Amino acid sequence: MESTALLIGFVAMSVGSLGIYATGSKSSAIRHHTQIHALVPFIAATAYLAMYLGTFVMDRGDGVTLYVPRYADWIFTTPLLLSGLVALALHEHPRQGGYIVAIVGLNALMILTGLLSAMSLDGSTRLIWFLWSCVAFAGVYYMIWGPLRERSASYGGALHEVYRKNAGQLSVVWLIYPVVFALGPEGLGTISAAASVWAILVLDVIAKVAYGFTAGERLKKAEPELMSREARRLA
Amino acid sequence: MESTALLIGFVAMSVGSLGIYATGSKSSAIRHHTQIHALVPFIAATAYLAMYLGTFVMDRGDGVTLYVPRYADWIFTTPLLLSGLVALALHEHPRQGGYIVAIVGLNALMILTGLLSAMSLDGSTRLIWFLWSCVAFAGVYYMIWGPLRERSASYGGALHEVYRKNAGQLSVVWLIYPVVFALGPEGLGTISAAASVWAILVLDVIAKVAYGFTAGERLKKAEPELMSREARRLA
Amino acid sequence: MESTALLIGFVAMSVGSLGIYATGSKSSAIRHHTQIHALVPFIAATAYLAMYLGTFVMDRGDGVTLYVPRYADWIFTTPLLLSGLVALALHEHPRQGGYIVAIVGLNALMILTGLLSAMSLDGSTRLIWFLWSCVAFAGVYYMIWGPLRERSASYGGALHEVYRKNAGQLSVVWLIYPVVFALGPEGLGTISAAASVWAILVLDVIAKVAYGFTAGERLKKAEPELMSREARRLA
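Chains as they are written, first to last, in our numbering: chain A, 1 to 235; chain B, 1 to 235; chain C, 1 to 235.
Since the hints were made in silico from the structure, they are not lab data.
Keep in mind it's a predicted model, so treat the numbers as computed, not measured.
Do not rely on the hints blindly, as some may be mistaken.
If chains are identical, the list can't say which one is meant, so a pair holds when it fits in one copy or spans any two.
Said to hold, decoys possible - DSBU-like mimics (lysine-lysine), calculated; alpha carbons at most 35 Å apart, straight line:
1. K221 / K165
2. K221 / K26
3. K220 / K26
4. K165 / K26
Build out the structure end to end from the sequences listed, making use of the hints.
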């Protein structure tokens, strides 16, 4: 059962990566988004292959299976998606370093403490790490909907529309992950291991493949504005 | 005893992170420094929480306790502090990549080989790793007080003053860490495990929280110069 | 036998690092390349010291020795070399983020799945990871000889010559690594452990020290063109 889901994940991510690269814009104003959106499912494909082969899939000590490649996938793919979002929020303004460092740092802490929570055999330690992970997660959402949304709104135009839609899509999908995690076998154990694997497969395909295609399409529509911004900056 | 120090560390770092963000400048010329200085103690808070909960706190095999979260903290927070320092030395000149890569690389080697030294059960291996770690550390100081100081001095002005003060503050505090390490239980064992934990707590609060506040204040005072530099670059 | 090779590696890399820094150009248009090319063998020296001391050198379970520091070296040094190559391909054009993220991501997957292949006790799992590693490797070569070569060719001039020569040198040397890996004890076992260590030592010296010197010399010859590009960008 789980094994079928993991193989489907590998194929969907591999094909998604090629598809996003093949159909994505290669124009100078958008290609970095295409490159990032294609790399994300390629990393995820590698993680699904590892989970399918059983590499770094381990029993945490009480019969619950830990899929460590998942966390390795997330620790690299989520910063990539967030970097694209920051570049978009600042309408490709070149000085993005501080925002990217801050949001990527909070995001990394969220994922690493999520892994610590999943690894904990003691219930209260598991809860403390889950709550601290949620604090870092709240910091990520604060950045997306606070300072970054403000910057994007101050520039306005079609790009702000794209930012709001991309940020909204990611925010909604990402919010379901900790719920599945909390209900799954690593947390409360309300849903079965198989149900958890299938649920995360669906979320991963939405957050990585579907997002890559729709975000790419939205950027293509805003291409004239992106081009004129670039021309103005180089002038 | 140690447990109290670790809990104090968690609280001091959490409050420090919020305080640095709340009081730091959000102006376009400084906000990346504020974002970085606030992230640093947030990472340290997570490491102190881990050490308090006993996560990745282990016996290295001869009764000496290894606090692995410390090294995980340092490997991420010191590059952030150094990146801020490089940006300042170059007076926010956009092409900083080479300097940051070189100093962050040397710094990472210093911390990783420090961890290898702490993990070594054999005395001579421990000494070799400590010495090689000092070589990398010397490389970091060479960068700070050689090429970077020269670049900053060549631009001159109020920002060079800020660079000299920030670099001086960090250089002095950082120099005490390897001494505590060498005297502590991972090294010669001259001072007790509890004394070492308290000493590093004091150093961490100075190097992360106090530094974040004072460096932020210094940058605020140099804000007019930073603004005019930014305006000149965009003109 | 192996131990002599590892000590030679440590010395060659340390001396190479100092030599590349001492003889490399410190001009504003080239120094980031000098800084990167000097850091690469310093990291490799640390890895050779670790292998010489036996740190993280382990039996994978069937008598085959795993040199983990090698992979730790590669995961940091190859992105540095590729970043320099990307900067060169884009003739130091400031917007390189997308290319660097994509090629460094593919490269990291290549090395990590290579390590997974080396760690696998099961022959078919080892083969699958080796093949997937080759897929990522093909992606790296596609980037170097496809989009990046096109960008460099579109700018033309002396820098395009340097790009073609540096990319060619790296591409040929890097291609021999997977062959040695496949024939060595972690793979088919056609060549002995000692032969594999010596072969990789020779490759490492060519790919890191010799490359650092010759790439630096080529860049020096193209310095007038680099300077005029920089002047034009700042004008």
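Hints, verified against the model:
no.	hint	verdict
1	K221 / K165	within (13 Å within a copy, 39 Å between copies)
2	K221 / K26	both (14 Å within a copy, 32 Å between copies)
3	K220 / K26	both (10 Å within a copy, 32 Å between copies)
4	K165 / K26	both (22 Å within a copy, 26 Å between copies)
Comparing the model with each numbered hint stated earlier shows that all of them hold.
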